[in-house]
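Q: Sequence:
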Amino acid sequence: MIKSRQHIDLNGRTIIEKLKVLPPLRQNPVFQDEACFLYFSEGGSHISAPTEKITIRENESVLLKCGTYFADLFQNRVSGTCEVCVIHFFPDILEKIFKEEVPFFVKQKKLGNYTYSVSQKNVIDHFMESLNFYFDNPEMAKEEILYLKIKELVLLLLHTEAADTILELYSYLFTPQKASISEVIESHLYSNLSLDQMAFLAGQSLSTFKREFKKHFDDTPANYIRNKRMKKAANLLIHSSLTVSEISFQIGYEDSSYFSRLFYQKFSILPSDYRKSNQKQTNQTR
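Each residue of the sequence shown is one higher than the one before, starting from 194 at the first, in this note's numbering.
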């Protein structure tokens, strides 16, 4: 649940906002024509991008290029809340700020990951603290000042190894990139994402996702994912000391009872009995 939201707008669009939420909360932002920078002053988030997963903790930040995401927010253990500041990068605004350095047309090419965890923590901390004045005094957030703050952040990011040049950063943020079905599946096979959510990350409708999946894997998504998860679960039951509940969570099921039912359907034995049976066989061969 969103507890509070402060925002600063520029030319009719929110460019900087601060949200305080009560986790657990899953957000599914779509950055079609923008990129964004997230800074967590309380709590953090597990972020699922089309081709990767990343965890951002308290006083850490991340740069997200244009794309689709799921963000599972988690709380600060003391306050029970999560507070995040979001700075939106719009291409036209960056073009205006860096008009001598960024061309209006950037050659499209596939560039790395969707997420970039930002280093240089102290530098970013000081910048974020400077924004609090404008949240407390929004009337002072004039257009010229906002342009300067965005430029300041971009220049700071250039010193975090996000990019070596303005052009490289601009190209990274706004070059379109569509993840393939195999990339999405490989990245999130053991995540607690539904088929709908995987289709969302792949930029497809559920029906298209299922159809294209069948062509690629010669199987239905549900059956393919379930078989892969059960295979990993069986391996963990034999070769790890994790509990059944821990294994269930690790392969993408929050409900261990549901996992046990699926495991029984696959192997005709409960997970706990499967482990005992294999332990006996191991002891007998010694």
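Think of the hints as simulated: they come from the structure by calculation, not from any bench. Treat the hints loosely; a few may be bogus.
[Unchecked claim] Only pairs whose alpha carbons sit at most 16 Å apart, straight line, appear in this in silico EDC-like list of lysine to aspartate or glutamate:
(1) K314 <-> E235
(2) K246 <-> E376
(3) K211 <-> D318
(4) K292 <-> E276
(5) K213 <-> E245
(6) K408 <-> E376
(7) K314 <-> E376
(8) K211 <-> E253
(9) K371 <-> E405
(10) K403 <-> D389
(11) K424 <-> E379
(12) K342 <-> D202
(13) K344 <-> D412
(14) K196 <-> E210
(15) K213 <-> D226
(16) K421 <-> E379
[What the hints assert, rightly or not] Restraint ranges, calculated between C-beta atoms of paired labels, are given here:
(17) D318 <-> D466: 45 to 53 Å
(18) T207 <-> K246: 23 to 31 Å
(19) Y451 <-> L399: 15 to 23 Å
(20) L348 <-> Y457: 38 to 46 Å
(21) L341 <-> E379: 36 to 44 Å
(22) E245 <-> K344: 27 to 35 Å
(23) E439 <-> R250: 40 to 48 Å
(24) N252 <-> A415: 17 to 25 Å
(25) N204 <-> K425: 46 to 54 Å
(26) K289 <-> N330: 21 to 29 Å
(27) D329 <-> D389: 17 to 25 Å
(28) L388 <-> S310: 33 to 41 Å
(29) E439 <-> K289: 47 to 55 Å
(30) S272 <-> H239: 37 to 45 Å
All C-beta atoms, glycine included, are put in the ideal place defined by N, C-alpha and C.
Q: Do the beta carbons of Y451 and L399 sit within 15 to 23 Å of each other?
A: Given about 21 Å between the Cβ atoms, the range holds.
Q: Between K408 and E376, does the CA-CA distance stay at or below 16 Å?
A: 15 Å, holds
Q: Honestly, do K289 and N330 meet the 21 to 29 Å range at C-beta?
A: Given about 24 Å between the Cβ atoms, the range holds.
Q: What's the verdict on K424 and E379, does the C-alpha distance respect the 16 Å limit or exceed it?
A: 15 Å, holds
Q: Does the beta carbon distance between N204 and K425 stay inside 46 to 54 Å, or does it fall outside?
A: Cβ of N204 to Cβ of K425: about 50 Å, so the range 46 to 54 Å holds.
Q: Confirm or reject the claim that D318 and D466 have a C-beta distance inside 45 to 53 Å.
A: 52 Å, holds
Q: Quick one, are K211 and D318 close enough, alpha carbons at most 16 Å?
A: Measuring from Cα to Cα gives roughly 15 Å; hence the hint holds.
Q: Indicate whether the distance between the beta carbons of E439 and K289 respects the range 47 to 55 Å.
A: Since E439 and K289 have Cβ atoms about 51 Å apart, the given range 47 to 55 Å holds.
Q: Within a Cα-Cα threshold of 16 Å, do K211 and E253 meet the stated pairing?
A: Distance ~15 Å between K211 and E253 Cα, so the pair holds.
Q: Taking only the CA atoms, is the gap from K344 to D412 under or equal to 16 Å?
A: Roughly 49 Å between the alpha carbons, so the hint for K344 and D412 is violated.
Q: Take a look at whether the Cβ-Cβ distance between E439 and R250 falls inside 40 to 48 Å.
A: 21 Å, violated
Q: Please work out if K314 and E235 have their alpha carbons no farther apart than 16 Å.
A: 15 Å, holds
The structure shown violates the earlier hints numbered 4, 5, 7, 13, 15, 20, 23, 24, 27, 28, 30.
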